[in-house]
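Q: End of the sequence shown sits at 460 in numbering that gives the first Met the number 0; the numbers just go up one at a time, nothing left out.
One thing to keep in mind: the hints can contain errors.
Stated by the list, open to error - Restricting the straight-line Cα-Cα distance to at most 30 Å, the calculated cross-link-like pairs of lysine-lysine (DSSO-like) are:
#1 K133 x K175
#2 K412 x K54
#3 K54 x K407
#4 K35 x K407
Treat the hints as calculated values from the structure; they're not laboratory data.
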Amino acid sequence: MVGTVRLPLPSFLSADDALSVVESTDRLIAWATAQKMSALARVEEAIGEESPRRKENQPVRFAGDEAHSLAVSEVSTACALTEATAARLLHDAGDLAASQWGVLEAVEAGEISEVHARIILDQARSLPAGQAEKFATMALQRTLTRHGRRRTPSELRACLRRLRERLHPESLIARKEAAQRERGVWFRAEPDGMCTLSAFLPAEVGMAIFNGLDRDARQASARAAELGGAPAPHPASDSSTLSELRADALAYRLFGGPDTVFGGSDDPGSSAFHAEVVVTIPVGSVLGARIVPGGDVLGAESAEPAESGMAELEGYGPIDAATACRLAAIAPTWQRLFTDFTTGQALGMGRTVYRPPKALRRYLHCRDGTCRFPGCTRRAIVCEPDHTIEWQDGGTTDAGNLAMLCRKHHALKSIGAWSYRQLSPSGELEWQSPLGRNYRTEPADVGRAAFPFQPPEPPPF
Numbered sequence: 000m001v002g003t004v005r006l007p008l009p010s011f012l013s014a015d016d017a018l019s020v021v022e023s024t025d026r027l028i029a030w031a032t033a034q035k036m037s038a039l040a041r042v043e044e045a046i047g048e049e050s051p052r053r054k055e056n057q058p059v060r061f062a063g064d065e066a067h068s069l070a071v072s073e074v075s076t077a078c079a080l081t082e083a084t085a086a087r088l089l090h091d092a093g094d095l096a097a098s099q100w101g102v103l104e105a106v107e108a109g110e111i112s113e114v115h116a117r118i119i120l121d122q123a124r125s126l127p128a129g130q131a132e133k134f135a136t137m138a139l140q141r142t143l144t145r146h147g148r149r150r151t152p153s154e155l156r157a158c159l160r161r162l163r164e165r166l167h168p169e170s171l172i173a174r175k176e177a178a179q180r181e182r183g184v185w186f187r188a189e190p191d192g193m194c195t196l197s198a199f200l201p202a203e204v205g206m207a208i209f210n211g212l213d214r215d216a217r218q219a220s221a222r223a224a225e226l227g228g229a230p231a232p233h234p235a236s237d238s239s240t241l242s243e244l245r246a247d248a249l250a251y252r253l254f255g256g257p258d259t260v261f262g263g264s265d266d267p268g269s270s271a272f273h274a275e276v277v278v279t280i281p282v283g284s285v286l287g288a289r290i291v292p293g294g295d296v297l298g299a300e301s302a303e304p305a306e307s308g309m310a311e312l313e314g315y316g317p318i319d320a321a322t323a324c325r326l327a328a329i330a331p332t333w334q335r336l337f338t339d340f341t342t343g344q345a346l347g348m349g350r351t352v353y354r355p356p357k358a359l360r361r362y363l364h365c366r367d368g369t370c371r372f373p374g375c376t377r378r379a380i381v382c383e384p385d386h387t388i389e390w391q392d393g394g395t396t397d398a399g400n401l402a403m404l405c406r407k408h409h410a411l412k413s414i415g416a417w418s419y420r421q422l423s424p425s426g427e428l429e430w431q432s433p434l435g436r437n438y439r440t441e442p443a444d445v446g447r448a449a450f451p452f453q454p455p456e457p458p459p460f
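From just these sequences and the hints, can you work out the full model?
A: Below you can see the structure in the form of structure tokens.
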């Protein structure tokens, strides 16, 4: 791209002039977004035309749509995006460049933003092909109110949902039955030892759950107000909001109490179900610590992360030493991971066996943490061990020739589209994409100390 964009220095502008600059940059961003979406649509089209490399003896994967899978992997690695985000962008770009070109032109002209365009696309996709284009044309007209004000994304979404209901040829009952096949529950790790748990459920079920939790929260708040203290079940907190109390009510409804969250109660009726968590705890984090009555942990703060390593909750990440010690104390069983004292590597099996034994798989889960494809975060426990140099080509079943790959990326490697090599026995990989781009991925080394074999250099005086 060649050209120059000049804007006045914001610190010398009046409020109205500064707002004009904001509006101008919004139009510039919209124009650039339109160019990006056009180019993304071309990426997938060009990959299909150029017939990227693959092994001839491999069966066709991804239901015959290998070009799309390769385009997703190229975009995600080049732009540092998750594959879900890259797939959504390619999906949006394909629709905008084909059937929804009117929406693309509106974005290019700065009449609507990328967010407005995505709302239109999401609603249009749920309509049959014959109705989708008509819907998009009507939706563009509704991006403005009758008085010419541009609707916010929330306003537009609510407006288009009503429009979609009027235009959809199928009954709501039939659509709900189909949508229920997409129901699910998802977990996302958040900072500071927290997480987000979300669910996609039928509306009446979701509202019933929310209303029940809301009722529990309001009752707890009312009891606290009557007693002049904090609402149970958190006596340490004296200012819990309704939102916080709903979260507490959810955990208590599921587990029955604070001692049953990790299976700490023997009463089979005290919990709706028993939870299972997997924690990697370096032995230095639990030596010398003990649980005292009341659930407090003594001695956990004495272990330094640089000396003992960091405990990790599988599927989440690092957790504090006190929580790790408590989980270690109530764990029904322990699994030990034996490695070479000098190198820290698991002992391999060479050419004696093809499938890695359990001990070696546990080591790979701990070393890799996730799928080793660039940017992929699927947990290693649901991935497959892959021989970097194939077994039939003389590869060995050793940690230095194995890496955990999810099923999709295992297939991309198997067909020869993507390839990788191990740069060191510790598991550092260098990948090469079908377009010849190189990417490196490092092992997670879950629980490993910051300086496992030698102390850090002293600071200079």
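Q: Decide, hint by hint, whether the structure agrees.
A: Going down the list of hints, with the structure as the test:
1. Straight-line distance between C-alpha atoms of K133 and K175 comes to about 23 Å, which keeps the hinted pair within the 30 Å bound.
2. For the hint pairing K412 with K54, the CA-to-CA distance comes to about 10 Å; that is within 30 Å, so the pair holds.
3. This hinted pair checks out: K54 and K407 have alpha carbons roughly 16 Å apart, not beyond 30 Å.
4. Between K35 and K407 the CA atoms are separated by roughly 26 Å; this keeps the pair inside 30 Å, and the hint holds.
Of the numbered hints listed earlier, not one is contradicted by the structure.
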